[in-house]
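**Q** Sequence order for the protein chains is B and D.
Per full-length UniProt numbering, the very first residue in the first sequence carries number 1; after that it's consecutive.
Per full-length UniProt numbering, the very first residue in the second sequence carries number 1; after that it's consecutive.
It is worth saying that the hints were derived from the structure and are not from the lab.
There is no bait here: all hints are sound.
Note that identical chains are pooled: a pair holds if it fits in a single copy or bridges any two copies.
Quick list of in silico lysine to aspartate or glutamate cross-link-like pairs, DMTMM-like style, CA-CA up to 20 Å:
| hint | residue 1 | residue 2 |
| --- | --- | --- |
| 1 | LYS347 | GLU360 |
| 2 | LYS182 | GLU254 |
| 3 | LYS245 | ASP90 |
| 4 | LYS347 | ASP90 |
| 5 | LYS182 | GLU148 |
| 6 | LYS245 | ASP224 |
| 7 | LYS348 | ASP306 |
For clarity, every value in this text was computed on a predicted model and none was experimentally measured.
2 protein chains.
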Amino acid sequence: MTAIPGLWAVIPAGGSGTRLWPISRRHSPKFLHDLTGSGQSLLRETWGRLSPLVGDRIIVVTGAAHEDAVRRQLPMLGYDAVVAEPSPRDSMPAIGLAAAILERRDPEAVLGSFAADHVVRDTDAFHRAVTEAAALARRGELVTIGVEPTEPSTAFGYVRLGESLGVDEAPSARRVEEFVEKPDRETATRYLTTGEYRWNAGMFVVGATTLLELLAVDHADMVDSLRIIAADPRRMRDLWPSLQKIAIDHAVAEPAAAAGRVAVVPASFGWDDVGDFASLTRLVAESTALPGITAIGPEDDVIAIDSTAMVATGGRLVALIGVDDLVVVDTQDALLITRPDRAQDVKKVVEMLTAQNRTELT
Amino acid sequence: MTAIPGLWAVIPAGGSGTRLWPISRRHSPKFLHDLTGSGQSLLRETWGRLSPLVGDRIIVVTGAAHEDAVRRQLPMLGYDAVVAEPSPRDSMPAIGLAAAILERRDPEAVLGSFAADHVVRDTDAFHRAVTEAAALARRGELVTIGVEPTEPSTAFGYVRLGESLGVDEAPSARRVEEFVEKPDRETATRYLTTGEYRWNAGMFVVGATTLLELLAVDHADMVDSLRIIAADPRRMRDLWPSLQKIAIDHAVAEPAAAAGRVAVVPASFGWDDVGDFASLTRLVAESTALPGITAIGPEDDVIAIDSTAMVATGGRLVALIGVDDLVVVDTQDALLITRPDRAQDVKKVVEMLTAQNRTELT
Numbered sequence: 001m002t003a004i005p006g007l008w009a010v011i012p013a014g015g016s017g018t019r020l021w022p023i024s025r026r027h028s029p030k031f032l033h034d035l036t037g038s039g040q041s042l043l044r045e046t047w048g049r050l051s052p053l054v055g056d057r058i059i060v061v062t063g064a065a066h067e068d069a070v071r072r073q074l075p076m077l078g079y080d081a082v083v084a085e086p087s088p089r090d091s092m093p094a095i096g097l098a099a100a101i102l103e104r105r106d107p108e109a110v111l112g113s114f115a116a117d118h119v120v121r122d123t124d125a126f127h128r129a130v131t132e133a134a135a136l137a138r139r140g141e142l143v144t145i146g147v148e149p150t151e152p153s154t155a156f157g158y159v160r161l162g163e164s165l166g167v168d169e170a171p172s173a174r175r176v177e178e179f180v181e182k183p184d185r186e187t188a189t190r191y192l193t194t195g196e197y198r199w200n201a202g203m204f205v206v207g208a209t210t211l212l213e214l215l216a217v218d219h220a221d222m223v224d225s226l227r228i229i230a231a232d233p234r235r236m237r238d239l240w241p242s243l244q245k246i247a248i249d250h251a252v253a254e255p256a257a258a259a260g261r262v263a264v265v266p267a268s269f270g271w272d273d274v275g276d277f278a279s280l281t282r283l284v285a286e287s288t289a290l291p292g293i294t295a296i297g298p299e300d301d302v303i304a305i306d307s308t309a310m311v312a313t314g315g316r317l318v319a320l321i322g323v324d325d326l327v328v329v330d331t332q333d334a335l336l337i338t339r340p341d342r343a344q345d346v347k348k349v350v351e352m353l354t355a356q357n358r359t360e361l362t
Numbered sequence: 001m002t003a004i005p006g007l008w009a010v011i012p013a014g015g016s017g018t019r020l021w022p023i024s025r026r027h028s029p030k031f032l033h034d035l036t037g038s039g040q041s042l043l044r045e046t047w048g049r050l051s052p053l054v055g056d057r058i059i060v061v062t063g064a065a066h067e068d069a070v071r072r073q074l075p076m077l078g079y080d081a082v083v084a085e086p087s088p089r090d091s092m093p094a095i096g097l098a099a100a101i102l103e104r105r106d107p108e109a110v111l112g113s114f115a116a117d118h119v120v121r122d123t124d125a126f127h128r129a130v131t132e133a134a135a136l137a138r139r140g141e142l143v144t145i146g147v148e149p150t151e152p153s154t155a156f157g158y159v160r161l162g163e164s165l166g167v168d169e170a171p172s173a174r175r176v177e178e179f180v181e182k183p184d185r186e187t188a189t190r191y192l193t194t195g196e197y198r199w200n201a202g203m204f205v206v207g208a209t210t211l212l213e214l215l216a217v218d219h220a221d222m223v224d225s226l227r228i229i230a231a232d233p234r235r236m237r238d239l240w241p242s243l244q245k246i247a248i249d250h251a252v253a254e255p256a257a258a259a260g261r262v263a264v265v266p267a268s269f270g271w272d273d274v275g276d277f278a279s280l281t282r283l284v285a286e287s288t289a290l291p292g293i294t295a296i297g298p299e300d301d302v303i304a305i306d307s308t309a310m311v312a313t314g315g316r317l318v319a320l321i322g323v324d325d326l327v328v329v330d331t332q333d334a335l336l337i338t339r340p341d342r343a344q345d346v347k348k349v350v351e352m353l354t355a356q357n358r359t360e361l362t
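Pulled out of the complex, with its shape left as it was, chain B reads as follows:
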């Protein structure tokens, strides 16, 4: 794989990941952890997936509380490659600030934005999709990568494919008809049947200046503020808190799609956003030594008799006897036991702990 000229990777490293408690914590969110047992944190894997495409043209945008941890995990990044947000304002201000910084460094810069906490299993297919997307972005398109659904998921938004764009360097590219919100199961099943929908994986490839121009349509003030901060980072403290908390999907992608300005590269590369322990269970292979058990951590730390479970160990032995379909997550100070179909409710535990002022556990 050769690098893509002029492409910058922007990695928004945010989100609290409360549905992945007790691994993911307020002070140590999901992207800093090796959730899949790969030996690397999700952030580190994201860097490893992107660096062949962009070399050292990488910007990580993260919360001020996580800046040190990000720098420790990515010591190869220069000082300017990590941008700290004083407070979380969702994805638009984060990616928009990266765009404003990049257009100052390189007026022709194309950025690809890829979350720090997603998993991609087929790196080659991912690279091919980004290469096509970058080619389209250089032509002025806002490009998203639409992941082929493998099931009628209700956890993701969808992209409806339009006509082929007929671009030689991006042969699979299509126009985006629309972005649609997370559907119910019935609707999702219909989406799959038509073959005309892709998962919105939140991956955008776009010229830095193009992105700011699209954003300026509805949010001109935000663009002004972002460009001021990019020119003088000392203005971050006073301007950042005034920025609207908004996702890039709502601020730019959806209105631009409605205006026929968004392209999509459909692709299939084993993507997941690792949103909860149910998705983690699907991502990690079942143990060969322990049939029925998906172990995250050393398999020797699990003893299972007549049991099926996903077990994330935390340094102690976990013994299971006659239990089925469990999710067990053990950490130093907290233990979670649930079932895949209740994985979305894990955030309630964090809410309860917060309500009880037991934030040392959140």
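Please build the complex by placing chain D on the supplied structure of chain B, with the hints as guidance.
**A** Frame of chain B, contents of chain D only:
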């Protein structure tokens, strides 16, 4: 409650309790632990139940490995009150040695043998039963206390009641027709229906010399050895290993019952041998703050959403979401998750760990 003249309490504190792993360990067996959340270990509770009856006339027989722990938990006992076995040889040598020691101290001594790891909820009823049993023992009987069954348990042996003895000081006393082994469920149900069966709780009250005479019928060599050791404890090392490993039930109670020599005081005092986590679940009251949860340890350490479980905490938070009928036992280095109906299989984990040479966890 006044003390019973001439009665000595003998507390066999042995057994590995592998079905209560990971709380009960090789080096720290069940009787040393506060299994029920009462604030005291089972051994300490046993002492507290017996001392009103016997004052300081107590002998604890335990394994050499546990002698120090027993002395730490019962610092009020004199040096001679703790007898250490060099190796486990089941209950007959342990209780027989106590009898041989006691007959030297007091030829009229009556001993009551009560395991260190059982639970009794109605202490007054227990005291009344022991008082009757001691009166019979002074008349030369081998007396057992027969616990009224509250369910058709297949985990206990049973005692079949015979004719009333018509003794004024022990009005409820009956002859023992026979001891029967742990029955199957159908047989146990029939036992309950007849009303003529009691649980064999392994509680024996008998004159020290009477016990040794009964033992001498089939095991004269053992009696000789026990009396030699009692006279000269230095002989423990060479004689103890040669003693037959045998339970008092088989060595004395069953043959004596067949010869019409055993009496029983039927009683009802909320007894359990805390054999496994299923029995522990029945013993401990459900939490009022957490419906469906039986917590052993601080209730604040459990968060439960739509769950039912017995949870023994180990200092960390345990969060349950949408799980039912679980047994969760958390300790510093090992976590067990099972179901009440698999409680008997917990010992298999200990067997597996032993086979894997991971005895630091057993």
